[in-house]
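With chain A held as given, fit chain B with the ligands onto it using these hints.
This is what each chain is made of:
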Amino acid sequence: MITIEGLQKSFGSLEVIKNVDLEIGQGKVVVIIGPSGSGKSTLLRCLNVLETPNAGKILIDGKQLDFNKSVSKKSISTFRRLTGMVFQSYNLFPHLTATGNVTEGLKTVKGVSKEDAQHKADQLLDKVGLTAHKDKYPYQLSGGQQQRVAIARALAMDPKVMLFDEPTSALDPELVNEVLHVMKDLAHEGMTMAVVTHEMKFAREVADEVIFIDGGVIVERGAPSQIFTNPQHERTKKFFSLLQ
Amino acid sequence: MKTVRYKRSPKNGSVMMYLNSIALSPERIQRLQEIASTSIGPLIEGAIKFTIPLAIIAFIIGLTIAIFTALARISSSKVLRGIARVYVSIIRGTPLLVQLFIIFYGLPTIGIVIDPFPSAVIGFSLNVGAYASEIIRAAILSIPKGQWEAAYSIGMNYSQALRKIVLPQAARVSVPPLSNSFIGLVKDTSLAATILVAETFRRAQEIASMNYEFLFVYTMAALVYWVICFILSIIQGRVEKRLDRSVGKGGIS
Ligand SMILES: Nc1ncnc2c1ncn2[C@@H]1O[C@H](COP(=O)(O)OP(=O)(O)OP(=O)(O)O)[C@@H](O)[C@H]1O
Ligand SMILES: [Mg+2]
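Those sequence lines, one after another, are chains A and B.
My numbering applies: residue 3 is where the first sequence begins, and numbers increase by one.
My numbering applies: residue 1146 is where the second sequence begins, and numbers increase by one.
Just chain A, same shape as in the assembly (with noise of 0.2 Å):
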């Protein structure tokens, strides 16, 4: 589903992203976690194109933007699509209802009628547990519910890879597991998911590899229980005893 090729992304001096390969195939949940500064959120902002890479390829579901040519803004933003993503801090749009957020990409970047749109965000919003809160702006909803809105929001894109950067790491405690409990149910239906997250139980339970990240290389990657219970690297041992 997803192939990144030499990926490599510098902010000025400050190499970020060095050298990366890694595929991630269809259906399967990759949980990435590493050190903060370790450049999980850069990686994911790549392939969402958030972050323009210096250089390397990223092929997903047979498309391919290759930055060690130039690449327009347009194919940028064709590719953006192919991608769904959730940040840490939901950036929902204040101005528009729980519907209003779901059905604006719809009918502004598809060119969906509004009926579609809003039989969708419908369908989304009951998805994630919201139909008593579709007509509910974002200020008067719990962050663990905006934070579903904006899962909903990512989906009615109908994109291929779902990423998700630290999506629970904003919210108190108790609401953590509202927005996990979508993400398992995205990952049963067949989604492909990258996921940073300090969530290690979401990420025993759910992923089907572990990728640590640090420095910008990827250290160490394997099936979670042998990265949790037998990690191979210093700094990735390092890493899980500094968590305890």
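Keep in mind the hints are simulated off the structure, nothing from the lab.
Source: prediction; values computed, not measured.
Accuracy of the hints is not assured; some may be wrong.
What the hints assert, rightly or not - Dumping the calculated DSSO-like pairs for lysine-lysine here, alpha-carbon to alpha-carbon at most 30 Å:
(1) B/K1386 x A/K75
(2) A/K138 x B/K1386
(3) B/K1386 x A/K116
(4) B/K1309 x A/K162
(5) A/K162 x B/K1290
(6) A/K65 x B/K1290
(7) B/K1386 x A/K136
(8) A/K71 x B/K1290
(9) A/K112 x B/K1309
(10) B/K1223 x A/K136
(11) A/K109 x B/K1309
(12) A/K122 x B/K1309
(13) B/K1309 x A/K65
(14) A/K76 x B/K1309
(15) B/K1290 x A/K76
(16) B/K1386 x A/K71
(17) B/K1309 x A/K116
(18) B/K1309 x A/K138
(19) A/K75 x B/K1309
(20) B/K1290 x A/K109
Leaving out everything else, chain B with the ligands in the frame of chain A:
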């Protein structure tokens, strides 16, 4: 008050005349009533035909200029940024009265003759465009980067993100300062009197020059402006309340 002044300069003839002139004898009251009833019509006519249309037209054109100027100022193009900067700097760095004189009295010397009202529309629009562009620019910049990113992440391009996500939020932020600008503009339109637009203040000047009741007539003109601005500030309050309700206080996070 009267006695104090009188005692201070009892022999001063001009003060005596002044005191006589403000003494409200029954005849004078009647005269002022007549002036009031004959001049209120022209004053209000000046407001309805010129002051209000001038303010509204200039504000609409000015806002359009302001949006494009604001976008130019935050664009990645150095040339656009430069042009917008120079425009804003010139308009903000020179008196509005001088701008109006250049357009109406200055341009004819190079063969460009524009009627009073269109001249005023041009002058005030350019003025609103420059000042409001700063308000709109600040409002756009106040929208968190995450909003742009969320819009991009669902596949919007720059102009879609701008029109559907950023500008609607920026508009809410800029309603209070922009409505203040509009009220300021209504008052500033009195400067159009100097380029022969027959608006409220020019009517007042004409009436007063005939009957010499400067204090009375100009006060009447002031009242006309005050009533307009009072109504506008009530509307402003209502609009702001509505906006607060629809996004919630602090709803833009
Ligand atoms: N826009 C930017 N400009 C400059 N430097 C940046 C930018 N974004 C990220 N960085 C730097 O890149 C490095 C990696 O950042 P990134 O956000 O990807 O880390 P992270 O692994 O997601 O960390 P965290 O766990 O704290 O979210 C950091 O050193 C950060 O300071
Ligand atoms: Mg991060």
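Results for each hint:
no.: 1; hint: B/K1386 x A/K75; in the structure: 40 Å, violated
no.: 2; hint: A/K138 x B/K1386; in the structure: 18 Å, holds
no.: 3; hint: B/K1386 x A/K116; in the structure: 29 Å, holds
no.: 4; hint: B/K1309 x A/K162; in the structure: 24 Å, holds
no.: 5; hint: A/K162 x B/K1290; in the structure: 25 Å, holds
no.: 6; hint: A/K65 x B/K1290; in the structure: 28 Å, holds
no.: 7; hint: B/K1386 x A/K136; in the structure: 23 Å, holds
no.: 8; hint: A/K71 x B/K1290; in the structure: 27 Å, holds
no.: 9; hint: A/K112 x B/K1309; in the structure: 14 Å, holds
no.: 10; hint: B/K1223 x A/K136; in the structure: 44 Å, violated
no.: 11; hint: A/K109 x B/K1309; in the structure: 10 Å, holds
no.: 12; hint: A/K122 x B/K1309; in the structure: 19 Å, holds
no.: 13; hint: B/K1309 x A/K65; in the structure: 28 Å, holds
no.: 14; hint: A/K76 x B/K1309; in the structure: 18 Å, holds
no.: 15; hint: B/K1290 x A/K76; in the structure: 21 Å, holds
no.: 16; hint: B/K1386 x A/K71; in the structure: 52 Å, violated
no.: 17; hint: B/K1309 x A/K116; in the structure: 15 Å, holds
no.: 18; hint: B/K1309 x A/K138; in the structure: 19 Å, holds
no.: 19; hint: A/K75 x B/K1309; in the structure: 19 Å, holds
no.: 20; hint: B/K1290 x A/K109; in the structure: 22 Å, holds
Taken one by one, the earlier hints fail for this structure at numbers 1, 10 and 16, listed in ascending order.
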